[in-house]
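Chains A and B, in that order, give the protein sequences. Going by the numbering used here, 227 is the number at position 227 of the first sequence; the sequence numbering is gapless. If you count the second sequence from 1, you need to add 1000 to reach the numbering used here.
Just to be clear, a hint being listed does not mean it is correct.
As the list claims (entries may be wrong) - Restricting the straight-line Cα-Cα distance to at most 30 angstroms, the calculated cross-link-like pairs of lysine-lysine (BS3-like) are:
1. B:Lys1248 to A:Lys274
2. A:Lys199 to B:Lys1248
3. A:Lys274 to A:Lys199
For the record, the hints were derived by calculation from the structure and aren't laboratory data. Small disclaimer: the values here were computed from a predicted structure and weren't measured.
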Amino acid sequence: MASEEDVDVELLDTLPGIGVEIARALVPTRRGGPDGQLPTRRVMITDLEQDAERFTAYSRVCGFTLRDSVPATWLHVLTFPLQVHLMAAPDFPLALAGLVHVSNEMRLHRPVDIGERLTLSSSAADLRAHRSGTQLDLLGEARVGDEVVWTGRSTYLARGKRPSGSPEDAGSLSAGAEAPADPQNPYEKAGEASKTATKIGEVPTALWRLPGGLGREYAGVSGDVNPIHLTPLTAKAFGFPRTIAHGMWTHARALAALEGRLPGAYEASVEFRKPVLLPSTVGFSFAREGEDLAFRVTSRDGSKVHLAGTVA
Amino acid sequence: MAQARNAVIVGGNRIPFGKAGGAYASVSNQDMLTAALDGLVARFGLAGQRVGEVAAGAVLKHSRDFNLTRETVLGSALDPTTPAYDLQQACGTGLEAVIQVANKIQLGQIDSAIAGGVDSASDAPIAVGEGLRRALLRANHAKTTAQRIQAFASIRPGDLAPETPRNSEPRTGLSMGEHQARTAKEWGISREAQDELAAASHHNMARAWDEGFFDDLVTPFRKLSKDQGLRPETSVEKLAKLSPVFGKGEGATMTAGNSTPLSDGAALVLVSSEEWAAERNLPVLARFVDAEVAAVDYVSGDEGLLMAPAYAVPRLLARQGLSLQDFDLYEIHEAFASTVLTTLAAWEDEEFAAERLGLDAPLGAIDRSRLNVNGSSLAAGHPFAATGGRIVASLAKMLSDKGPGSRGLISICAAGGQGVVAILEAV
């Protein structure tokens, strides 16, 4: 993330409640839209004590062996309220409800212990045109003292309007290769094959049976109470046939499946391609590609990809 | 390998294996292990005697059975000062227990031991759901009544559903049969070959029962005097009529007939030093030569779940300076007929030898007439931890019948991608 020391900082005393932020974002405001300006400030919380009890519950829900060191996805969970706080603010150009988390990158710079106190921050960057709308990144950072231990980049897509003046030729857009093949489904990416031509077999090597209440369980440990994850009724209200699993749960579950093969420091990148409806049984496979691990969460028969990622 | 002295198999005892929900439906692991142990004690005149140790285990185990083997000893005819412990390596448990005590005997730490295992698929533990379990634990840890009430108040209706043990690998969510179906397909193992092997297992074991082979290896229990799943009249034709139960669609070959059924039973082996047996005028059937355990990475899909013995055997052969053909008898545990066949196919495969084993040449084929001569798990049933004891005792007796110097190889695949293999030699 931008690490210039002269950026504005909004210092918080406690981690914001995501439910409160979601409610705040629903208050009608005139937002700048794709042509608006991203806030330049960085939202920050210092000297945060990690909640060991919540981490225990998080580890169980995501399938991690409970360790004293935390997975990269846990640090995302801790910075996520800062992201939401920024996105729910009245000066944020796009409406929170219209933003879809399409990809995520994280780097764990060194193993982080659950007992370490953290300084977390988040900022927004790079509002840009995308084939089917506008994309932007939410950058996150975790420090222990002055040492950067974790950085993250969550990419969101607001479907619909693009920034004015952006080229009409979608192919020339930088993010063109990631544009949805199915305009109805922002998760679906075109050009999958070229990007993830992997050694991963067609047939999943593992099956995960996901219960209907998984979204509520993960909401309980992550704080992400987005209604699309909670009940079929609230999911329907947002256009989904059933409750959908949190993308970051699926990501965490995949890292948990790779535990023991993850190095102490690593970079994890995922694309969220298709939502996982709950309850369901999904497939998981992975393969070593040189020094990296490529992995995939798919439908049971392997034909549909929900999430594709790598650990380097 | 230089070793201080030999560990020898004196004999064994098991109870007939029952079908899940069958003769032993209401019988516990401790009941069955006690029956097998008391039978062994009676057969070898060990009542009131102190044995070096008893090592046994169960794969499906109740939390109350935390000291299953010691509790069994305390309820048996053995001297109560006989030490005991539990040991578990999935389906490799029984053989691993024998390896463990044989090593101690070779080192001179003990002179005699009883090793094996027991399992019940009928009396399997059912756990309370995770939510209820955690609430009960919180209530138990609570220091005040208020905390206790709070813990109980956190129980939700959904938490009350019980959790039954799943017959699947925790890291893949696939059952053993689904795993093996993939391996069988990969190796192109035909339905016919599997059914032939299954029919042969039943016929061989039925013949062995008829010939009285098991007379001094089995003690009847609960009105059962023969393995309950044994089907002497089965045939390749009858087996061919069954529908596949593992794997899907075209190319699915694994049926209930060529897969081992869930079973109940217990089996134990008496192992000692030669001196200990001689002092008691006990026969010595075979010497425990050596053993090896291998494991494979089935989680990534790099290797099949039940293929570890294919790696363990070449390592063991190399250490002993033997070839695969240097054996008079082979006992390859029939988890599924296709497990035996994929293991044999791997040993004959040049690519597998070069790429997986790093060998110049494959181990080669075996004389199939020496394989599972008196039947194996498809016919007897497979109470997980009991299988090792059944095989060790049977093989030791068969080798003894063949005469001094005859050599036998045991290969047992186990959940978690492990394989336990051992060599016995008649003395």
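Against the structure, the hints come out as follows:
At roughly 26 angstroms between alpha-carbon atoms, Lys1248 of chain B and Lys274 of chain A fall within 30 angstroms of each other, so this suggested pair holds. Restraint check: the Cα-Cα separation between Lys199 of chain A and Lys1248 of chain B comes to about 23 angstroms, which is no more than 30 angstroms; the hinted pair holds. Between Lys274 of chain A and Lys199 of chain A the alpha-carbon distance is near 21 angstroms, which keeps this suggested pair within the 30 angstroms criterion.
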